[in-house]
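Model the full structure from these sequences, guided by the hints.
Number of protein chains: 2
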Amino acid sequence: MTDLPKHVEIHEEGPREGFQIEPGPISTADKIRLIEALADTGLHHIQACSFVNPRIVPGWADAEAVIAGFKAKPGVHYTALWFNANGLNRALAFRDKLTITGSIALTASEAFTQKNLHRSHAENVEAMRKQTALHLENGVPVTRVGVMAAFGCNYQGDISPAQVVRTLEDGFAIAAETGARIEVISLADTMGWATPARIERVLSEVRSRWPDKQLSLHLHDTRGLAVANAHAGLRMGVTRYDSTVGGLGGCPFAGQKGAAGNICTEELVLLCEEMGISTGVDLDKLIEVGRMAEEIVGHVLPSELIHAGSLDAFRRLAA
Amino acid sequence: MTDLPKHVEIHEEGPREGFQIEPGPISTADKIRLIEALADTGLHHIQACSFVNPRIVPGWADAEAVIAGFKAKPGVHYTALWFNANGLNRALAFRDKLTITGSIALTASEAFTQKNLHRSHAENVEAMRKQTALHLENGVPVTRVGVMAAFGCNYQGDISPAQVVRTLEDGFAIAAETGARIEVISLADTMGWATPARIERVLSEVRSRWPDKQLSLHLHDTRGLAVANAHAGLRMGVTRYDSTVGGLGGCPFAGQKGAAGNICTEELVLLCEEMGISTGVDLDKLIEVGRMAEEIVGHVLPSELIHAGSLDAFRRLAA
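Going down the list, the protein sequences come from chains V and U.
Residue 1 is where the first sequence starts when you use the numbering used here, and the numbers rise one by one after that.
Residue 1 is where the second sequence starts when you use the numbering used here, and the numbers rise one by one after that.
Everything hinted at is true.
Same chains, same names: a pair is fine if it fits in one copy or spans any two.
DMTMM-like mimics (lysine to aspartate or glutamate), calculated; alpha carbons at most 25 Å apart, straight line: (1) K285 to D158; (2) K6 to E200; (3) K6 to D158; (4) K115 to D312.
Bear in mind the hints are in silico, worked out from the structure with no lab data behind them.
This is the structure:
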């Protein structure tokens with residue numbers, strides 16, 4: 001079953017994923033510089049910060065300063081991440097600048113829910129029900145159901161497609177109870193268990209069950225298969241992808257401290273554009289931003305493409 | 001058109017590719033250690049050295065000492081690389097230990113032939129005709145036609161499938177004239193221009209023209225697409241792949257000094273095994289060898305998987 005889309009929506013998460021995990025302090029000015037440069041590449045969705053507890057994530061202690069500081073480009077959706085009422089309130093203070101929508105975020109692995117959130121899946125469902133209601137009370141639409149560890153889990157092993165469907169059903173039940181109108185189903189390969197074959201199996205089941213929802217993939221390159229998995233997603237008609245410029249970010253999970261983070265935005269753009277799938281992104285500009293990100297964090301980033309240069313750059317040389 | 005093989009043949013080139021490009025001196029003992037460890041993983045084809053001019057490639061000045069020094073494992077084919085009569089003679093001195101076969105190696109890009117070999121394609125065809133005859137005179141079978149830059153070229157830009165077919169026809173003409181019996185067609189993505197779509201297009205044409213030959217892919221991860229390209233190859237029924245443990249090697253070509261080298265053997269093995277395609281390789285052992293390779297060269301290698309660990313290792317933990 002091949003169902004290549006004509007266009008995909010790329011949600012850039014480099015600033016949020018990257019700066020929360022980098023050990024060195026990154027200046028507010030550098031964060032702003034990166035966000036503004038990303039918007040100039042043609043990306044239309046940029047997750048700009050995380051409104052989290054600064055004692056837990058010191059890298060985002062300056063979230064307000066970053067959001068207040070960057071110059072917003074018309075037509076670009078700037079988003080943020082939060083996990084509780086306090087985070088939501090901090091985000092709402094920037095209602096004029098940020099695109100604020102909520103998610104129902106569940107995990108297909110009970111073991112991961114316990115390790116990551118210190119609660120059971122049932123407790124997490126209850127927490128998400130309350131959080132969804134809170135969003136709606138504040139006039140914030142909740143449009144997405146997300147499932148973490150949808151392709152496997154370091155703590156639980158393989159995850160069946162049926163388990164993913166059950167987890168999504170729990171999410172849709174929350175939406176039905178609270179009145180949230182879900183548009184997007186997001187599946188996250190949180191710990192890098194996806195393979196192209198697994199992507200096909202899981203997406204087949206999910207698409208059959210919810211044919212009218214947009215599908216989104218959040219892929220990690222933990223074991224080097226992220227681009228192959230994105231290609232499998234494209235073939236299955238997935239039109240929305242999260243990614244990070246340069247492969248910013250990393251993997252904080254068990255036994256994988258040195259492992260790679262998210263799929264690189266520029267490699268995803270290369271893959272799409274060379275297949276005739278438009279992204280709206282100027283790849284050569286994006287590669288320059290990847291190099292800027294590398295300079296800002298002060299170490300080599302996982303992206304191969306920012307070190308090699310685009311095909312178009314060589315095509316121009318050869319012409 | 002999907003035609004997944006049940007088994008693939010992996011040709012490990014880490015020692016040869018890796019030690020010719022590493023700037024630091026690698027001891028003969030370490031080279032031998034790596035070759036012996038690779039053979040213990042279940043790999044059946046290991047390219048162990050390059051018989052090249054030590055003034056040009058000082059990293060392989062000790063080729064004879066390495067080949068004499070390692071303990072050969074029964075059932076494993078150890079191979080070497082050479083480019084001229086002198087190299088062939090050095091290889092023939094190890095006829096009892098090495099599997100010695102010749103290749104007709106051409107390039108789909110005239111510009112790359114000039115840059116890399118300082119001769120025209122026509123001159124290269126003539127050189128290959130002489131070299132093939134020399135092999136056959138020495139009782140060395142010539143079984144492979146290889147095409148470099150088969151998917152694109154930094155100096156010439158895109159390469160059409162028709163150009164690849166023409167180049168292969170030149171190779172088969174040499175074989176017909178000299179009496180070489182070709183079994184394998186090898187296509188190399190020398191400078192990282194391949195994409196899954198391009199792999200499909202080129203392989204379709206080549207397979208239609210020569211349906212009875214085994215196809216082999218030599219992929220580079222220059223722009224991060226190597227695993228996706230291997231997946232496209234598997235779907236097209238390609239049963240033979242070159243790769244390097246840990247992603248040893250690199251890219252010596254224009255403007256890409258920091259770029260990645262070959263596809264990582266362990267990521268290729270993970271991809272195949274998770275799709276039910278057997279490789280004969282013990283992935284956990286191979287990951288240990290990738291870590292050994294990293295220790296030997298003294299810097300981080302491109303493989304993500306050696307830093308993350310296999311899925312099976314986590315499956316055992318979770319069980």
